[in-house]
Amino acid sequence: MSTTRHTPNGFAILLPYRVTPIRMIFQISPLSTAVLCFGSVMVVSSAWSLSGPTVLSPLEVIVKWAPLLLTGFAFNIAISLLAMLLGTIAGLWLGLALLSEIKMVAAVSWFVTQVFRNAPWLVLLFFVMFLVPFQVTIFKTTIPLPDWQKATVGFALPVMANVAEVVRGAVRSIPSTQWEAAESLSFTRRQTMWLIILPQCIKRMLPPWMNIYSLVTMSTVLASIVGVSEMLTLTAQVHAAEGGRPELFAPLYGFALLCFFLYCYPINLWTAHLERRFHVR
Amino acid sequence: MASNWTPDQPIVECVDVRKSFGSFEVLKGISLSVRKGEVICIIGPSGSGKSTLIRCINALQPISAGSIKVEGIDVSDPQLDKLALRRKVGMVFQQYNLFPHKTALQNVMMAPIHVLGQDRREVETRARALLAKVRLAGKEDSYPGELSGGQQQRVAIARSLAMRPGVMLFDEVTAALDPETVKEVLVTIRELAEDGMTCILVTHEMNFAREVADHVYFTDRGVIVEHGPPDTFFAAPKDERTQRFLSQIL
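Chain order of the listed sequences is A and B.
Okay, so the first sequence: first residue is 1 according to the working numbering, each after it adds one.
Okay, so the second sequence: first residue is 1 according to the working numbering, each after it adds one.
These are computed hints drawn from the structure, not numbers from a lab.
Worth double-checking, as some hints may not be accurate.
Pairs of lysine to aspartate or glutamate, DMTMM-like flavour, derived with a Cα cap of 25 Å [as the list claims (entries may be wrong)]:
id: 1; chain 1: A; residue 1: Lys103; chain 2: B; residue 2: Glu146
id: 2; chain 1: B; residue 1: Lys139; chain 2: A; residue 2: Glu101
id: 3; chain 1: B; residue 1: Lys88; chain 2: B; residue 2: Glu38
id: 4; chain 1: B; residue 1: Lys102; chain 2: A; residue 2: Glu242
id: 5; chain 1: A; residue 1: Lys64; chain 2: A; residue 2: Glu275
id: 6; chain 1: B; residue 1: Lys82; chain 2: A; residue 2: Glu101
id: 7; chain 1: B; residue 1: Lys133; chain 2: B; residue 2: Asp195
id: 8; chain 1: B; residue 1: Lys139; chain 2: B; residue 2: Glu172
id: 9; chain 1: B; residue 1: Lys82; chain 2: A; residue 2: Glu180
id: 10; chain 1: B; residue 1: Lys88; chain 2: A; residue 2: Glu183
id: 11; chain 1: B; residue 1: Lys82; chain 2: A; residue 2: Glu275
id: 12; chain 1: B; residue 1: Lys36; chain 2: B; residue 2: Glu25
id: 13; chain 1: B; residue 1: Lys102; chain 2: A; residue 2: Glu275
id: 14; chain 1: A; residue 1: Lys203; chain 2: B; residue 2: Glu146
id: 15; chain 1: A; residue 1: Lys103; chain 2: B; residue 2: Asp77
id: 16; chain 1: A; residue 1: Lys203; chain 2: B; residue 2: Asp77
id: 17; chain 1: A; residue 1: Lys203; chain 2: B; residue 2: Asp195
id: 18; chain 1: B; residue 1: Lys88; chain 2: A; residue 2: Glu180
id: 19; chain 1: B; residue 1: Lys36; chain 2: A; residue 2: Glu101
Computed beta-carbon distance windows for the label pairs [as the list claims (entries may be wrong)]:
id: 20; chain 1: A; residue 1: Glu101; chain 2: B; residue 2: Gly149; range: 28 to 36 Å
id: 21; chain 1: B; residue 1: Gly149; chain 2: A; residue 2: Ile143; range: 28 to 36 Å
id: 22; chain 1: B; residue 1: Asp74; chain 2: A; residue 2: Thr177; range: 50 to 58 Å
We put the CB at the ideal spot given by N, CA and C, even for glycine.
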């Protein structure tokens, strides 16, 4: 597959991820970005259209294949949403386990969190892809496990570890006087956590959580390496179908880039907005 | 836990209570007893262990030696059901510690509903009555952030009362308040005392102690230096340390 060609030394995304507040220095509105990108695609393609009548211009190629490519993009979004859902649910429990008063539970969950937070996402993906069978048989019922489902689990693992860390940090940031007040009113530890502490944490957790989401979305293209038919895989196939013309490379991958940018940039803007509003220190 | 406490016995009884943080002994043998319906004030300079003492009474902090009994329940018993103990003891903090994501009414209702499992409608009626009692009718739907310090503190008092405790502990509840809101909180506590609630207050409000307390304890460096009914205590303090403290503060 042609995509492996341009992944020699590693993606920036493969580096261990840490939740740090985003500091936006300057901001472009999503609309003007779209106009800008569309304009540059137009310039490239109009330059092309002068040269030959028989072959399709890059813009025509993109228009022709856009439905397929956008279906692929929708698949990326679906994988990211599902991975985020799974990872958030698992991460919430893991985060609570990190805060457990039972030392053994806290130690084991600390270990799990660290392993998944400090492993490259691609390595985790490979592990899930190659260690989980393509189907499982439970009580004579065979459940097939297609690649995209395994990939989703592969992305959910680092999400889980990062969400766990976000939960732990947020719970720790609630003043201990809240615990004392609840204690003096005879709330059990569990009641205090679910009724008093966690509801106060939601605001604090939202910006880093959304940050994780935008990272997951961008990472879903890693699934192309393990053969899931998401946008990048389809882009490579479209490129091959159009004869692998070198001048199509930039417009086609530029289109993929644009789709992800238009999806993730507003999320990041909104995250920064929430961060300012909630005054997260 | 079986306790054969009867109302004619002290409701809170501390005997030679000692408490250390590391090698530093904060309480060096405190003994006091409080009868049902009594109001006692504990006064003394900062760092004398007053707050630690009342935090020990509802087992927010364990004691190192001695014994504390609340309605006959031994607080230092390793098998102690802390939650059962805390249902009998209400506590109000210096910094109010209301739950910021809940309205005043919800703050008052939460513990009876979730801890005691009482009927929501019955609890709500009682909570509204309690808020009216602390003169906060009309503020039921305000969040703590929208209330003044004095108002928040009165919500905190109502929140504790909703559990129908046998004893109320007040830990310097007016220390963080603006001077003009101190009075409204003190009036609330005084009304509570007049209703027969047993109250243990750590306070710097000497006038309040003089008017409302049945008994005043003066602590310094972890020991009770002097105690007595307020008229004799304030009029003729015997110990030199008490005299010095009172002359500074009055």
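* Hint numbers the structure violates, sorted upward? -> 1, 2, 4, 5, 11, 12, 16, 17, 19, 21, 22
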